[in-house]
Amino acid sequence: MTTVPQNRFRRSPLGSDAVFRRLVDSVEDYAIFMLDPRGYVATWNRGAERIKGYSAEEIIGQHFSRFYSQRDQEAGRPEAVLRAAAEEGHYQEEGWRIRKDGSRFWASVVVTAVRDDDGALIGFGKITRDLTERRQAEQRYRLLIERVTDYAIFSLDARGNIASWNSGAERIKGYSAEEIIGRHFSSFYTPEDRAAGLPQKVLATARANGHYEGEGWRVRKDGSRFWASIVVTAIFDEEGQLTGFSKVTRDITERKQLLDEIRRHAQELELQVREREATNADLESFSYSVSHDLRAPLRAIEGFATALREDYAAILDETANDYLDRIGSAAVRMNRLVHDLLHYSRLSRLDLALEPTSVHAAVESALAQLTNIEGIDIRVPGELSVMAHPPTLAQALSNLIGNALKFHVAGRQSHVVVAARPLEGKVRVEVSDDGIGIDPVYHERIFQVFERLHAADSYAGTGIGLAIVKRAIERMGGKVGLDSSPGQGSTFWFELPKV
Amino acid sequence: MLPIPTGVILLVEDNTDDADLILRAFERAGVANAIHRVEDGHQAMAYLAGEGKYAERLMYPLPAVILLDLNMPRINGFQFLVWLRTQSEIRRIPVVVLTESKDSASVNRAYDAGANSYLVKPATSEEINRVVEDVERYWVGMNERPRLILKGKAGD
Numbered sequence: 001m002t003t004v005p006q007n008r009f010r011r012s013p014l015g016s017d018a019v020f021r022r023l024v025d026s027v028e029d030y031a032i033f034m035l036d037p038r039g040y041v042a043t044w045n046r047g048a049e050r051i052k053g054y055s056a057e058e059i060i061g062q063h064f065s066r067f068y069s070q071r072d073q074e075a076g077r078p079e080a081v082l083r084a085a086a087e088e089g090h091y092q093e094e095g096w097r098i099r100k101d102g103s104r105f106w107a108s109v110v111v112t113a114v115r116d117d118d119g120a121l122i123g124f125g126k127i128t129r130d131l132t133e134r135r136q137a138e139q140r141y142r143l144l145i146e147r148v149t150d151y152a153i154f155s156l157d158a159r160g161n162i163a164s165w166n167s168g169a170e171r172i173k174g175y176s177a178e179e180i181i182g183r184h185f186s187s188f189y190t191p192e193d194r195a196a197g198l199p200q201k202v203l204a205t206a207r208a209n210g211h212y213e214g215e216g217w218r219v220r221k222d223g224s225r226f227w228a229s230i231v232v233t234a235i236f237d238e239e240g241q242l243t244g245f246s247k248v249t250r251d252i253t254e255r256k257q258l259l260d261e262i263r264r265h266a267q268e269l270e271l272q273v274r275e276r277e278a279t280n281a282d283l284e285s286f287s288y289s290v291s292h293d294l295r296a297p298l299r300a301i302e303g304f305a306t307a308l309r310e311d312y313a314a315i316l317d318e319t320a321n322d323y324l325d326r327i328g329s330a331a332v333r334m335n336r337l338v339h340d341l342l343h344y345s346r347l348s349r350l351d352l353a354l355e356p357t358s359v360h361a362a363v364e365s366a367l368a369q370l371t372n373i374e375g376i377d378i379r380v381p382g383e384l385s386v387m388a389h390p391p392t393l394a395q396a397l398s399n400l401i402g403n404a405l406k407f408h409v410a411g412r413q414s415h416v417v418v419a420a421r422p423l424e425g426k427v428r429v430e431v432s433d434d435g436i437g438i439d440p441v442y443h444e445r446i447f448q449v450f451e452r453l454h455a456a457d458s459y460a461g462t463g464i465g466l467a468i469v470k471r472a473i474e475r476m477g478g479k480v481g482l483d484s485s486p487g488q489g490s491t492f493w494f495e496l497p498k499v
Numbered sequence: 001m002l003p004i005p006t007g008v009i010l011l012v013e014d015n016t017d018d019a020d021l022i023l024r025a026f027e028r029a030g031v032a033n034a035i036h037r038v039e040d041g042h043q044a045m046a047y048l049a050g051e052g053k054y055a056e057r058l059m060y061p062l063p064a065v066i067l068l069d070l071n072m073p074r075i076n077g078f079q080f081l082v083w084l085r086t087q088s089e090i091r092r093i094p095v096v097v098l099t100e101s102k103d104s105a106s107v108n109r110a111y112d113a114g115a116n117s118y119l120v121k122p123a124t125s126e127e128i129n130r131v132v133e134d135v136e137r138y139w140v141g142m143n144e145r146p147r148l149i150l151k152g153k154a155g156d
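Residue numbers (our numbering), protein chains in the order written: chain A, 1 to 499; chain B, 1 to 156.
Some hints could be false.
Under the rule of at most 25 Å between Cα atoms (straight-line distance), these lysine to any residue pairs were calculated in the SDA-like manner [claimed, not checked]:
no., chain 1, residue 1, chain 2, residue 2
1, B, Lys-102, A, Pro-391
2, B, Lys-102, A, Ser-287
3, B, Lys-102, A, Val-417
4, A, Lys-221, A, Arg-255
5, B, Lys-102, A, Ser-348
6, B, Lys-102, A, Asp-282
7, A, Lys-406, A, Val-417
Since the hints were derived computationally from the structure, they do not count as laboratory data.
Just chain A, same shape as in the assembly:
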């Protein structure tokens, strides 16, 4: 207790001893009382009565050792406390004390020696606080932490030495509390991390930012490693001085392994995709150059067969001329094939610039590409437009209409209807015929390259037309489909984004 300079309050009524005594008497949260030099209670305040249960009448003149447990009394604790206070002038401790009713409370005690002007001991001032509730809360908290097994929860002093240890820490790291308390926490780090100064960096970061969070390999007592997720929190006292750190560590090795595995799979997948893309690009450029290089010899075959027939018809017989015709028409057929393949391959290589395209205009230009366009009924509203690459759209339509005309029932010309209508933000274009129809089992396959359902003799064609349609529509962001069954005719449809 600070001594108040006497002259300051002398003239004020507040400075009188009587007023001060009343203040002390009325304090309820602290037991404040005086002992004589031998330890007998000399004064008693309201707080003392409240905390210890004795009234002033009961306790004044009694020895203060009765506040101690039997064991403390036998061990000479009360005398030791007075001796220490007398020698040091001041003594402070926490411990169990006994109330009048025999119950215990956790007391924080300050004992001060009181001396007269000549330095002779005239007694002791004692201030006691009941900290039972706080003590119990701490106790509960400690027990709680100690029982946690999924997390290693422990504390470090300000320099990083381990100060407490829970069962989770024992389970995860393998050390018992006795083995590890007092040792530096860098024991848990790998030699590499220690060499790199990571433990110091962790504490410095926690000190600077209040906490540190991280993941990394840590070492168990048996030398094995585990992948740890850690949180380090700096603990400061009321004055802002660092008193230590709390550290929570989780073993997430399994999760890490799973994540690593997922990551590895993802990488493998990405690699495969990239390889496949490269392969596809190779195939495209391969088919493109093959198609290109095939055309020159084909031109020669057809050209020289024609030259032979024209220049030497007179000396060749009918069979020879027939053979030459066949060579010529085979070359023409193959040329068409190469042309279509080239077209198909180009469709995947080129970037198609999409623009608002009138469906009606596209149908018109598709019809212009066909030689025989009888029996076609166009039901396309003039105002319908789609996002498309105009020549590609016209090509797709031309292929579909050409197909519809081609696969007619023997001896009867097909009636073909080209219709278009808006449908949920798209335009659906349908090319329907009353031709031979297609069995549903073939509906998927017919959009693939070289898929033919009929011998080339009965229906001429390269087998690439529908593959071109599918790829063309899909490259323009649409889809294609087919409704058909044998004898019922066919309706090929595609949908493109409406403008």
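For this one, chain A is given, so just place chain B on it according to the hints.
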């Protein structure tokens, strides 16, 4: 300054089959004008520059039009075009590309290099005949020929 004196066509084509079929088509079209064939860009440069045997201009006159394949060994069609357009005396000779590819990249590159026209080799002899007739009628018959610049004199 002299107009190109003759209606000669210079065919630059490395593929002998194609060359022969084109030459035959010109013959069958009854084209009186001489058509000369060289096998690649290198020979075409020699022909136009009048090097070696090509110095004899009566035998190898400067052409009214050049039919140029693009895909050729050694000096290809693009390189030949670039060279031709930097030659002070003969840079104005019209060039009609006659080639395999109708890749837009090739088409643009050829025009950028100075081609006057771009044709794709037709697939059948029937079409070859038509192309040959059209080329002859348009580029030799109708097209107004530029004047060549003689050495040491300014052009117009």
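### Query
Are A:Lys-221 and A:Arg-255 close enough, with their CA atoms no more than 25 Å apart?
21 Å, holds
### Query
Under the criterion that the straight-line Cα-Cα distance not exceed 25 Å, is the pair B:Lys-102, A:Pro-391 satisfied?
Roughly 15 Å separates the two Cα atoms, so the pair holds.
### Query
Is the Cα-Cα distance between A:Lys-406 and A:Val-417 25 Å or less?
Distance of about 14 Å is within 25 Å: holds.
### Query
Does the alpha-carbon distance linking B:Lys-102 and A:Ser-348 stay inside the 25 Å limit?
16 Å, holds
#### Entry: Agreement of B:Lys-102 and A:Asp-282 with the hint, judged by alpha carbon distance not exceeding 25 Å
20 Å, holds
### Task
Mind checking the alpha carbons of B:Lys-102 and A:Val-417 for me, to see if they're no more than 25 Å apart?
Since the Cα atoms of B:Lys-102 and A:Val-417 sit roughly 33 Å apart, the hinted pair is violated (cutoff 25 Å).
### Task
Quickly compare the C-alpha distance for B:Lys-102 and A:Ser-287 to 25 Å and report which way the hint goes.
At roughly 16 Å apart (the allowed maximum being 25 Å), A:Ser-287 and B:Lys-102 satisfy the hint.
Hint 3 alone, counting from the list given before, is not met by this structure.
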